[in-house]
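If you read the sequences in order, they're chains A and B. The first sequence finishes on residue 204 if you use the numbering used here, and the numbering steps up by one all the way, no holes. The second sequence finishes on residue 198 if you use the numbering used here, and the numbering steps up by one all the way, no holes.
Just to be clear, a hint being listed does not mean it is correct.
[Stated by the list, open to error] What follows is a list of derived Cβ distance ranges for each label pair:
#1 A:Asp107 - B:Pro155: 15 to 23 Å
#2 B:Ser31 - A:Asp30: 29 to 37 Å
#3 A:Val126 - B:Arg87: 44 to 52 Å
[Unchecked claim] Interface residues of chain A toward chain B, partial, derived using beta-carbon atoms under 10 Å:
#4 Asp30
#5 Thr41
#6 Ile44
#7 Ala57
#8 Ser153
[Unchecked claim] Stretch by stretch, here's where chain A covers chain B in the computed footprint (C-beta under 8 Å, at least three residues):
#9 40 to 47
#10 59 to 66
#11 113 to 124
#12 160 to 171
Everything labelled a hint here was simulated from the structure, so no lab data went into it. The beta-carbon is built from N, C-alpha and C at its ideal position, and this holds for glycine as well.
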Amino acid sequence: MSRTIPAPLLASTTAAQLNPFFATSLDFDDGSVRYWTGYGTITIGSVTYAGLGAFSAISTIEETEDLAARGLKIDLTGVPNDLVAAALDEPYQGRTAAVRFGTLNADTGAVIDSITVFSGRMDTMVISNDGKQATIGIAVESKLVDFQRTRESRYTHEEQLRRYPADTGLEYVAGLQDKVIYWGNANATAFRTGGRDEPLNEEP
Amino acid sequence: MAITYPLTPPAAIRIASLRFSAISAVARNISPFTFSSQSYNWTGTMLSGDVECPPMNRADAEELIGFLIMAARGTFYFRDYANGTQRGNMSGSPQLNGAHVANTTTLTVDTGSGSWAVGDYIQLGTGSSSKLHKITQVNSATSYEIFPLLRTNYPDDTAIDYTDAVGVFRLGTTTCDWSIDTAKKYGLNFSIFEAINT
């Protein structure tokens, strides 16, 4: 699989000392919640990420040879208020989440460059508070999981109109379901046997 | 009257020994074949410490115990009580020369005269935003390297305090222990770490 890593990022990650960071973006319906593993705020591509390092952990980002959906888990300490609200009030499942990896210039604090290392959809959000520490864990599933989801579509007139409003090709499908069709007799309304128009066996 | 954080330690605080730790979030990769190494310098840097108090009489000890009990639920100002004054000869009112960006370690200073020496403490910000930094390298009379790195952006002309510079800390544990011996002398130890939440 070919991939593009910006040259400045590649150069900085191969140096003897590098200043790495992770940044996550959780895109809720009411707006995005973005954090990064540093102090203050940084801007990546006109998008601002809040600092303070609320991150506790980002699980391993896996790649496999087979076509398998690998998710990850983002743990945040302290349970930021905006995330609690999102976890309790907002429909977050299926909304996109992304993790970026980048490096900082140690002298200026500027972002050298960054790339998206994982992008998927939020699955579950677990708030944990044991009296000593409060954390919120967000399970993010790969977009490949979507392939496992059944997409229901039926060959009905309504479904066809929903997809193609001018297409009435399935208009009579429903009526055909129980339609009795007799082959060989244009006027037949009941089952007949025998020659031409003469019924051999009249039904009682 | 409600408790207002950060607390100020009681004036009667007595310290027998201070042990500071400068903690850096650094991961290292070392090749087992060549010992070639690479350092991942994450942004996390922090001062922490252990404080050992000398035997105290009840009057002094109770002041400190009351402070520690309240501090368990919030923050407090703390400093290097052994080194309230600088090693250098900075005088006047030094300020930051130009805007400074978070996550950097180089400080450029103007309006003061003289210079600090390695090991001097400086304070940026006031109140609950007070940050305690230590000079780790003198580049010139107007340029210094500091630890920990800047935690926030600072505008030009931000004032720098260098006498009895303080930072905001938390207790290392939320349990306050003290002992009283037969001579009614109190024994107290506690640990601290920087409060990094602003």
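Outcome of the hint check:
{"no.": "1", "hint": "A:Asp107 - B:Pro155: 15 to 23 Å", "in the structure": "holds, 19 Å"}
{"no.": "2", "hint": "B:Ser31 - A:Asp30: 29 to 37 Å", "in the structure": "violated, 48 Å"}
{"no.": "3", "hint": "A:Val126 - B:Arg87: 44 to 52 Å", "in the structure": "holds, 51 Å"}
{"no.": "4", "hint": "Asp30", "in the structure": "violated, 25 Å"}
{"no.": "5", "hint": "Thr41", "in the structure": "holds, 8 Å"}
{"no.": "6", "hint": "Ile44", "in the structure": "violated, 14 Å"}
{"no.": "7", "hint": "Ala57", "in the structure": "violated, 13 Å"}
{"no.": "8", "hint": "Ser153", "in the structure": "violated, 48 Å"}
{"no.": "9", "hint": "40 to 47", "in the structure": "holds (count 5)"}
{"no.": "10", "hint": "59 to 66", "in the structure": "violated (count 0)"}
{"no.": "11", "hint": "113 to 124", "in the structure": "violated (count 0)"}
{"no.": "12", "hint": "160 to 171", "in the structure": "violated (count 0)"}
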